[in-house]
Structures are given as structure tokens and as C-alpha cells.
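With the hints as extra help, turn the sequences into a complete structure.
Chains as they are written, first to last, in this note's numbering: chain U, 438 to 926; chain A, 81 to 1206.
Honestly, the hints are just simulated from the structure, not real lab data.
Please read these numbers as outputs of a predicted model, since none were measured by experiment.
From the three backbone atoms N, C-alpha and C, an ideal C-beta is built for every residue, glycine too.
One thing to keep in mind: the hints can contain errors.
Straight-line Cα separation of at most 35 angstroms, DSBU-like style, residue types lysine-lysine; simulated pairs [what the hints assert, rightly or not]: (1) A:Lys224 / A:Lys772; (2) U:Lys477 / A:Lys759; (3) U:Lys900 / A:Lys474; (4) A:Lys757 / A:Lys631; (5) A:Lys759 / U:Lys473.
Here are some, though not all, of the chain A residues that point toward chain U, as calculated from beta-carbon distances under 8 angstroms [what the hints assert, rightly or not]: (6) Ala846; (7) Ser918; (8) Gly1014; (9) Thr1116.
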Amino acid sequence: MNTSKIKYILIFLASLTVSCQKEYLNTDPEYLQNAKNFFKTKEDFVQAVNGAYAPLRPVFTDSFWQLGEMRSDNTAFQYNTGDRSALGREQIDQFLELDDNSFVYSFFSNSFIGIGRCNVIINRYAPDKINDENAAKQIIGQASFLRAYYYFNLVQLFGELPLVLSEISSTSDAFAQAKRRPVNEVYDAIIKDAKMAIENLPQRYTSANDLGRVTSVAARMLLAKVYMVQKQFNPAMEQLNLILQSGRALNANYSDNFNSTAKNSVESIFEVQFLEGPYSMSSNFMYTFAPYNAGTSITGFGLYTGADSGWNIPTADLIAQYEAGDQRLDKSISRTFTDPVTRQVVPYIIKYKSPHAVRYQTNDNFPVYRFADALLMAAESLNEIGYVTGGQAFELLNRVRSRAGLPALTAQNVTTQEAFRTAVWHERQIELAFENHRWLDLLRTGQAENVMKAHSVREKASKSFIPAAGYSTIRPLFQYPRREVLLLE
Amino acid sequence: MYKKYAAFSGISLYGLFKSLFMIKAILAIILITTFQSNAGSFAQSKVTLKVKDMPIRQVFLQITKQTGYNFISEGAILAKIPPVTIKRKDCSVPELMNAILNDADFDIIYQQDRTIVIREKTSSRSAPSQEITVQGQVNDIDGKPIPSVSVTVLTNVNVGTRTDGNGKFSLKVPSNATLVFTYLGFQRQEVVVGAERNFSIVLKQDISALNEVVVVGYGSETRRNVIGAVSTINQSVIKDLPVTSIDQKLSGQMAGVQVNQASGTPGGGMVIRVRGAGSIGAGDDPLYVVDGFPINNSYDKFQNPLSTLNPDDIENISVLKDAASSAIYGSRGVNGVILITTKKGKSGKSTVDFSFYTGLQHIPDSRTLDMMSAEEFATWRVEHRQDLARFNNKPFNINDVPELYRNPAALGKGVDWLDELTRNAPMQNYNVTVTNGTDKTRIMASGGYFNQQGVVRNTGFERYSLRMNLETTLAKNLTLGLNLAPSYTLRKLSDSEGHFETGVLTQALLTTPVSQVRLADGSFNPIVTSPDAFANSNPLNVLLNTKRQSKNVRALVNTFLNWQILPELSVKTSFNVDWQDGKFDVFQPSYVGAFRNPPPQPARGQFDSSVLLNWLNENTVTYVKSWKDHHVTALGGYTMQQERADRNSIIGTQYPNDAIETINAATLVTPGGEVQKWKLLSYLARVNYTFKDKYILSGTVRRDGSSRFGTNNRWGTFPSGSIGWRLSEEKFFPKIPQLDDLKLRGSYGIAGNNAIGNYTAIPLIAASNYAFGNTLANGVILNSLANQSLGWESSRQLDVGMDLSLFKGRLNFTAEYYTRNTQQMLQTIDIPISSGFSQGITNLGNVRNRGWEFSLNSKNTQGILKWETDFNISFNRNKVLDIGSKQRIITGVAGAGGTNITMVGQPMGLFYGYVSEGLFMTQEELQRYPHINGQVVGTVRYKDVDGNGVIDANDQTVIGNPHPDFIFGMTNRFNYKSFDLSVLISGSYGAQILDQYKQFTTNLDGVFNVEREVMDRYRSPEQPGAGILPTTVSNTNLARDFRPSHWVKNGSYLSLRNVTLGYNFKTSFSRSMRVYCSGQNVLFITSYKGGNPEVSFSGSNSLAPGVNFTAYPVAATYTFGVNFGI
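Right, dumping it as C-alpha cells:
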């Protein structure tokens, strides 16, 4: 073999090595879309918006009822001697939760996951690619609403927050934007988003397949609530008046608001959508809220043994608040179950109880805003603007009462602004019970400390298991989650 | 026991019968191959001689006639020998010569060319000598010239030369001189000059340890010239270990290689760490290379890809430990490389080897937890009510006790659920290996069948494997190789470990003993409960009637073509394929139910299928050149590899009934699937240079391009260099006769890690749906915070070592020091959730491993009793130097919260929890120390670590260390006449174990059965118990949820890993025949009570090591085996 031959061989081998290198290493996943090639069409953006709604489900099933109801005087829990594994929930009820409470964190994290998804849409929003003016407006409107909604819950419950309004591009960016901002900055951003949503969203969707999407009416509710928190009742009333004229109305029957076969009714302004079937999108509130010894008697399919059930149990305080003849009592609470061990009646919530086909998979939506809420907000705002004997505020409040089978309040029995205020707050507690309004209302109206102190005295008298330290500090805010504090240390 | 034995033998016979079919098939292969065997290659020279007073020349003539040996001697010498009288039958030539000649006066030299030289001893000579010139040729046994052979004169070291490039030499020597030929790796040879002037010398390979051929990355090297940190192990040492896969055989064998059996699941993986764990986020498993083919392997508790390889096919294993050795594997070498070489056929040899073993696996009582009997459980429930009454200042009323528990003694032992779920299980292995070879073609073929039934019922592992390794010379200088290794494995698995929600063994521990396994009609008791206890499914029913089967067909194919273009230059191209087809089939019928969720529950099923194709093309050029004192080997190469795995999964629920188990019967199905692909493109080069056998230099570089990284950071370069100095060859080095070889070596290099997900750098879109108008609305999200600038993790390693060989290779000692820094670690870090993501992947941090390794091989005795000892010990210290902006990483095992913490300045994955300082014994103590609101006397006193007067999550701290101070292994091998005995001991010292399972097994609520230690809990000031476990009347959740430091246990152990006693028969019908008995994992000498001291629930996760959350028990295996060769 001579050297020239060897040279040829080596040249041949070398040529093998340099051919087609660049292309070879490009490896796109086949089973998932690459974000690089996404956000190109209307459908892409619509799907991204749908994805931004999705965190609402865990927010409502996992945690909001603990922060919104159990935290308040409305509900507590059934003490489970055998399974103490959900102590964290009990602690939320008793103001004993630690800063690493997993249920509180679930609310916090799912809300921010929702905000993150909105940021991606808003960041990449490109009306020219969507190429459909109405669709484009709906996309930006919904994303703005959802971001405002998630933030509004968070700021009321946690106070100062990181204010992230753009898509996070790297881990260092995530750290850079995690600093907590003053509450007023967060509210400014919420108001801006809500206005953006009002501007872009329709008052009603024409297609049945869009039923459940947020509307300008929902955005006005959100904005009105923000103003009411800020005690700006005139701007609130401005929004509420438009809602009152939006074509929404009360359902004839109170229970129709919670009917899983008649979702998104005329009274509904915004509700979290659940869907039974093979989609992993069902709700399971009736299982969680059932007494834990109920077996199959309530759900029909039987409960897991242990600490999955027996939560959000209506308190004696709440039941006592129902006026005689209030039809809402038996439409909200069942008092027919007697615990086989303690032989005591355990009341439980039936708003989210419905027939269903598969164990732990119910079809119940969860109401967020409904017209009755708007009526009561308007009544309250008008009263705060100025008490008018027998004025419009009375009319609005009485629409809600009359549906419940209760007599109208008149200038004879509600004679002062203060008395009307108390009456509308009371009505809110009953009408909106178990819809995660109570604790936020107590905070907004400044009643939290007094109501909860009085409540705790009565609770401790009847429940020996409440630790001495329970309710000793009525904290208006939840502690900022430990994980987030540690990450920024 | 009798019953179990009967069952065992029945199954064994069945297995034997089944394997007969297999053997038949294999015999067919043997018949084809043996006919080609090259018989009678070399006859032993035996002489029969019966002479009386015969002159010596005549005697020699007789011998020459019988053997063909020629005699060379000076005439005068022969004249001095008197006539010979001798009578011998079938006597070897040397024996005969010694009988004829007096060895005090004569030297007898047996030369390779069948020549026997006889000369007078120097001492008995008198004649002065004169200078003559001799010349000659030195070849190896294959007739190839050997250059650089040292040629010297025995009595005068100043006279000498070396052979030239063609193996020729010429030298002036005294006429009576004896020439000495020495060359590295060959046996020394002496030749008397005598009348001869022209010599043809054949040097034989030296087979001592120093000349053992060590397989290294892309080549091989003699042990003497290895200057990287490479440990090797040969098949002969590990052949009898009755284990499922080859990685299990490495346990205790090599310094710096920690092999832990984290779970006893048959066919499951081993956790292997080469020089500690260095990576926080990208995996610490070493790279496995089978016959030059890097195969895809990562730790999996249930499925170990190595278990598809038949351990009987393995010839040897090398572990590349330092960066200088592993950098040739570039981006995959960071955690060490395990090179597995399978057996090959040899020319001129035809062999058939059968091996068979059968045995029994057994769980010793010392490896299971001590749970309460029915009587003890009932007593505990009674006492609980007594304590509660006292706590509430009420009189105890027996009527508060459930009727069933009022007379505990009547309940007896009750059900021992763990005992019900486990068994003594058989294990068997059959293998036949055939080798054959001619000058042209060499072949090795084997077939194996392995069946291991699990000690947990309804689990087991079966393997059918075939292999054919073929090498053939197509034309002059052109060699073709082909290895084919198909296998079929069948696993019966159980979801046995971990949280009680799923782990059936955990359920067995926790299920009340006051119950029955079966109902009166013999069917399973479907709902197991007793007062206070949860109503549970029957764990035995769940275990036996749940199908979890995995079937895997795998074909490993290696082909290569080697062209020796010139004596110095060769080109090799290879193409390798790994094809795997897997199916995983699950069916849980309606009547088994689940823990806390008794039956009936709708049946559920799952069917997964996956197809994986991995191929590799490698092209290398090797150049070898020697001149004068220089020797150079250079390697250059180019490789391409890619893998594609298609996986589909269907989960079926809502089966209408249990009649049909296949997935089509499910009413609801949830599909899933993915396609995983990666590609790798590499250039590699290595140069080795040796000067005078004294100085050895080596440099390696590999450049890898990986599809896994962002376009900006695709390519990484991994260089390394090493140097060796054979001190013992230096002139100034004192000539110590006992010292054969002393070598110092050092290396430094960079290896990489790309073990992250395939698409991590690409932001992906995933589904996240919602509903509108009561119908599904498809939704999508960005599923991760992508990092386009993600780059390589690299590890810089310095290694300094010394190799010492003493007493003609009888004692070999290696000492090594290394320090390895893993930098720019690929890790998934927690990020603020305000970003919308909880985690993101980035390059961050620095972990250092440094340590010492010592290994020793000693041939203690070499007479009739041969005794050899291998010993190794390694000390590794792991330290996190940097984890970026974070102060700590808290990691948990699934279902148990944050059990481990990783912090700067500490080793990775320390145990994390609360410091328990005993119990509050008095009200005064309770007042004095910080406590949790509501705590009462008799509950655990946790340490207020941050000293703020409050016990809360901030009081969690480091409570233990899972890393051993040192690990060691020792093998002693004895041979006495026909007996052989080997004893392998291995151990670990200083590591701790976190008994996280105590969260359940010492749960004080009364809902579970508990460990017997609960009897020693706090009951009252008068009965404070052992002062560790608290009262049952209050705050029972604290004892369970606030992970106390008393769950951390000492995990040091000394294990009798294997004992094998064999006997070799000499038979007329076999080349070799051996029977042996072997015991594997026979004994763990340890204070640890939680079972397996190598346990690790998270297996390969280096951030959460050493957590015991219950595990499949590691059985002791006793086998009997036969090896038979013809």
C-alpha cells in the first residue's frame, strides 16, 4: 500500500465527518408543539386564553373555600380523631396556620400560575396575526380580566405582592421581578386591567360554546368590587348601574344558581366551569364538604376513609343568622345527617350536591359573581353614598329578600344608614354563603376582628378540641408563603 | 415451612422442563460449530524410556525420536556424563532430563524451537572465553518481530543492545556468555551462546497482573501502562454470584465504586456511584458501554436495562474513574464509565461450557420490622383508653373498650400480614456457551435462561437470552466482527414500596393484625378492619390479584470492520444498534380495592408500549509506531449516535366487570404518549506516548455536539491529559529485588454531563383544557420556563496515583487521590412562583468530591493451598461549594415531604427535620421549654433551633448524614487440591439512614398496626416508657408530621456478600467440571433494624439519598450450581 492510497482513504473518512452536521443536531419534539412555532393564529391565542382559565379549577377545589369561608365565621370543620393528616386546614379555621401551610400555598401558587399564563398571552398578543378584530378584542379582554381577577384575590388575602405584568424569560428574570410591591400599585394594575377588559369584552357571547367566558359585565363587577374595597362608592355605582341594565336577572329559584344541569344561568355573571367526564375537569365539592362518616349516604358512591371529607361545615353561628322562614336555609344546608359515632347532627353544605355518574367526579360549577351579588353591592354603595329613606337601595335589597321568601325591609324597620348597612351585610352573609365571599366581606367592611372574636368565644364553648391559642390573633392577612420568602433571602 | 419447600421444588422442576426446550435449540448450534474444531493442535511430549548403561548420546537420540526435540551441547560436556540406566513410563521431558543429569553441574535450557540446550554451570567452567559476534531475530509467538527488546549478557550488564524495528539484533559477547532477552509484557528468556552464532528467539507473553490487558475507552492497554484511574474485574472472579444483572456483581469489588441495592425488586436497578455524587440536577449514574456501544441506562427501581444482558456472557468489566480515562466519552463521562466486554471465541480452541444453578431466596427475620401481634395491638388499644380517661380526669370504663379488645390474650398472634405477602422463592439459571475458532473465524455463542421468583408473592423476573459473537478475517488485514444479542425479559412487578396509599408492603405492615386473611369459605376477606383501625382492602388480595407485567424484547447488535492498512495504521468502522420493544400491562380487578378504599372499586387497567431504537456509527483511525525508545499510539475518530423512543400509554377505568382485562374493555380510556429523541455528534482524538517504558504521556480530547442544548451552546470540548513515570526503571532507583514495578501517575481532565431531558432547552406547548358551554374547550400553556442558553455541566478532575508491584507480582498495591469539581451544574432550581413557574432549569453551582482509594491484591500462598486476597477501601468526601442564589435545596421522597436538605458547605442531601430532645416529662418542663400551642406532658420536646421561643417550620435543621465515611470490600479466594472457596465481604461505615416509614409504623392514632416499640411509649409520669415515643392522648400528629431526629439511625454494616465453595472433578469426559454452593447477601452485621442498610427510596436521586420509606426486602440467596466444560 502506498502513501497516496492512504491519503485518499483519510480524505474519504474526513469527508464523512463534515457532511450534514448542522441539520443533524436539530431535534424538534414531535409530540408537543414548540413555542417558537406557536402564537401564529387566532386559534393558537384562543387556546392559550382557555389555558389561562384552567388554574381557576384548583384555586376553587383545593383552597379558596378554606380562605374565603372556613377562615370566617360561616364554616368550620368536623374534628377527625382518626385521621389528623389535614391539620393545616384546621389551622386556617383557627388562625393558627404556619407560613408554610400547603393549602394557603396552593391558592397562592395557582393564582400566580394563572397570572403567568395571562402574561404570556398579553406579551405575545398580535392582533394582526389573529386577523379577526372581534376575536382579538376578546382575547386581550379575557387575559386582562383573568390577570386582574387573580391579582385581586391575592392582594386582598396577602397584601403586598410581586407585580409581574410581562412574560418571564429566564430564571434570573424570575428572581428580578419577585420583589413585593405596595398594595396601591397592585390595585392600580388591577383597575387598569379591568378597564382594558371592559373596553374589549362583549356584554354577552352569541355562541353557546362561549358560555362561561368572562364578559364586560364580569369585568364591571370586578372593577366595582375594587372600588368598594377602596371605599370609592360613586365610581363603584357607575359600574353597578351598567350591570343592573345589562339584561341579567335573578333566577326565580335560589337553587337554580347551583344546578349542574342549568349552568351559566341568567343570574350568573361569572362562574368557574367544571365538567364531568373523562377530561379531569370535574369538581368534587360535595365529597369534601360531606361529614366524614357519611359513607355512601350523601354522595351515593362512598367517601374515602379519613381526612378527605368533613370540611367547610356550617357553624352554629351561621345557621342562627338565618331568619325564620328563609327558604335559603334548606337550599344551602342539610341538617339531616347524624354521625353514627357521636350521634350528633352534622350540618353540611348542599349547594354543590348533584347527581353524577362517577365517584368523586361531579359536574357542579362554582359561582364567582352573580346578579344577586350585584344587587346587594349596589344597595350597599347607594347607602354609603347617602341613606335615602325607602330609596332605590331598599328596592335592590328587597329583590333578593323576596326571592328567599322573606318580608321586605322598609323605612320603618331600617331607619338609619347604619341599620341599613348592617342589614345589607347580613343579607350578603346569607345570600352568598359558601361562595367564598364572607371572609373578604369581613375584611372589606372592617368587621373581621370583632366578628371573629365573638365567634371564637362561642366556638370554644362548644368545641373542646380548639387549642387555647386558637383565634387569639385575628390576622387580616395570610402570612407571605415561606417558600417565597426563603427564595428571596 | 414444609409447604413452602414443596411449592419451591414443584416450580423448580417446571422451570427445568421449560428450559429443556431451550437447551435443545442451543445443542443444534453446538453441533454445527464443534465439527469445525481444530483437534490435536499440540501433543504433550511424553517419553517412555527403559535403558541400561546406555551412552548419553544414544539416550538423547531415543528422546528425539519420541518427541522431536533436538539437543545441543558441546561434545566435551557430553563426554563427561557417564552411561545412563533409567526406567520411566509416560514421563515428561524435563522430569526425565532432571533424572539423567545432575542439575548442580548442568544447566538445561528448553527453547521455543524444540531445542534443549545443555551446558555446564559457569562455576564448573574454567576455560577463558573470547569475544564473538552473535546476531538474531526476536519474534513473538505469532511470528511478528518485536522491536526494542533488550538483549544483555547475564554476567555483564554493561554489554547490551536492543532489537531494531524488524526485531533484529547484533552484539559482541564473550563466547561463553548467556544472552538475556527482556521486553515489557513478555517473559524473560535466557539463551546460552555456545556454538550458535545466529539466534531465533521467540518471546512468550507474560501473564502476570501487570500485563493484564485492560479495556479502556476506544482501545485497550496493558495494566503496566495504564496511567488513568481504571478498575477492572474479570469474569473468573465473579462468575458464581447468583444475581440478576451484572451491576450487582460489582458490589464491593472495586475501590471508588459504590454499588447499593436500594430495593430488592427482581430485575431492578442498582444505585452505582463512581467517586461520589457530583450532580444536583442532571443525574449521577455512570455511562454503560457494552462492547464499545454506549447504551442508554439510568437507574430505575423496577426496570434495569442491564438485566437484559446475560451476566454469564461477560468477559470483563472496566470502570473508568478519572477524567483522563472518561473524557474520551466527553459529555457522558462525568459520572464514570463502566465498560463491559463480552466473551469472544479464540482461534484453535473449541469449548462447550454448561452452567446451571438453582437456589432459594429467603428474607431473614432480622431484615423485617417487628410489628405488634393481635394481642399486643388489643392491649395497646385498651391502654389508650385508660390513658385517655386519666388525661380527662375521668374513671376508666371498660365499656369504652371495643368488645373485641377486652380480652387481648384471647386474640393470640393474629395475622402477620408481611409474612402472608412474602415467601421463600426459588431462583434458577441455565447457560451454555460455545466457543470455536480457526485462523479465519472465531465464534462465541451462548444461550441462557434465568428465572427469579420474588420473595414478595406475585413478583419475579425471567430472562431468555442468546448471544453470538463472531469475528472473521475476510481478507488479509481485513477483519469483520458481528455481535448479536437478542433477549426477552418478563417482569412481574408489584407496587410494593413507599406511601401506604400505594405500597402494598407498607399496607401489610399497617393492616390490623386482629383480622382474617380469608373468610370461612376460603375466599379473601375483602375489607380488613377492626375497631379504631381504618377499613382497608386486603393487601394479600391486592398483591395476588393485581397484574403488573412488563415484557421487553431487546436486540443489541454490534458490527465492525477493521482494516489493517499498514502494520502501523488501521481503520475501524462500526455500526451498533440497540432495539427495545417494551410492553407494560396493568389490571386491577374490582374486587381488590385500595388502602382506605375497600372494594368493590371499578376495575382499572393500563397498557403502555414503547419502541426504542438507538444507533451508533463510529469511525476511528489508529496509528501505532515504535522507534528506538519511543512508542506512540494515536487514535482519531468521528462518531454519530441517535436515539428515538416512541411511548404510548393508555389508562382504562370504569370497566363494566372483571371478565375482560384488556384495555378495550374499559369504558373510559385516557391516552398518553410521547416521542423522545436525542442526537450526538462527536470528534475524538487520543495520543499515547511512551519513552523507554519509563515515561508515559497521554492526551485526549473529545468534542461533542448534542441536540439537547440550545443552539447557542450545542458544542462542548472535553480535554484531558495524564502522565506516568515508572520510577522503578530509573537508573538511580535502588535495585530492590522484591520490587518489580513502581509507577507514579497523575491526570487532569474535563468530562461533561448532558443527562437532562431531551427537550429541556425548547419551550414547549402543553395541553391545559377548560370548559365552556358545558363542553370541552381545548387549552394550551407554555409548559416550562425554557432556557435557550442552557449549556454543559462539566466536571474537572485531578487524579494522582501510585501503582506498586512486589514479589514477582504477588503483591500489587494501588493508591489514589482525586478531587473532582462539578461545575455549571445543570439543575432545576426553585424560582419565585410569581413568575408563573415554580421551577426553571439553569447552569448553576459547584459540588466537590474528593477522596482516597486503596486497592490491594495479594497472592498470600502459592503452594497446594493457594490463597489470594483482594482488598479495596475508599474514602469520599462530598461538599457543596455553590448552589447559586439559593441557600438550600429541600428535596423529599414522594409522599413524605422535604426529607433532605442540600446547603453550601455541606454534603448533598443531608437529612432534614426537627431535633427531638426526649419528651416533656413534667408540667414544669413544658412551661420551661418552647413548645407548640396545645402540647401536653408526654409529648415530644422539639429543639427551638432558631431560639425565638416558638417551635415552627423554621426549627427544622440537619438531623443526619447519609454519606459513609468509607466503604470497603474484601475477597479471599482459596484453592486447595480440588476445592475452591471464595468469601466476599463488603461494608460501609458512618452513613446514616432516615427511617421515614416510622411516620406510619409508629403512628399513635390507633388507625394502623404499629411497631412493637410503641409499647414503650409515654403513658403517665409513672410509666414514661423509653422516653422517645410520646403519649397517644394528644398531639399525635406532631410525633408523625414533625420529622424527629430519632428516626435517623446508624447505617454502618459489614456484609457477608457472598460465600462460594466449589469442588473440581477430574473426569475423562470433560475439560472441566465443578460443583459449588453459593450464598449471596448471607449476612448483614449491623445495628440497623429497618432491614436493608443500602436502602434508598428515591434510588438514584442524589438530593434525597438514604431514606427508608419501606422497600422490597433484599433476600439472602442460597444456590447450588454446576459448571461443566467439554
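Satisfaction of the A:Gly1014 interface hint, Cβ to chain U closer than 8 angstroms: holds, 4 angstroms
Regarding the pair U:Lys900 and A:Lys474, is the alpha-carbon distance no greater than 35 angstroms? holds, 18 angstroms
Classify the hint on A:Ala846 as holds or violated, based on whether any CB of chain U lies nearer than 8 angstroms to its CB. holds, 6 angstroms
Measuring from the C-beta of A:Ser918 to each C-beta in chain U, is the shortest one below 8 angstroms? The hint holds - A:Ser918 has a Cβ within 8 angstroms of chain U, the shortest such distance being about 7 angstroms.
Keeping to a limit of 35 angstroms between CA atoms, is the pair of A:Lys757 and A:Lys631 held or broken? It holds: about 22 angstroms lies between the C-alpha atoms, which stays within 35 angstroms.
Distance restraint between U:Lys477 and A:Lys759, which requires alpha-carbon spacing of 35 angstroms or less: holds, 29 angstroms
Does A:Lys772 sit within 35 angstroms of A:Lys224, going by the straight-line distance between their CA atoms? holds, 21 angstroms
When you check the alpha-carbon spacing of A:Lys759 and U:Lys473, does it fall within 35 angstroms? holds, 20 angstroms
Given A:Thr1116 as an interface hint, is its Cβ closer than 8 angstroms to any Cβ of chain U? holds, 6 angstroms
Comparing the model with each earlier hint shows no violations; every hint is respected.
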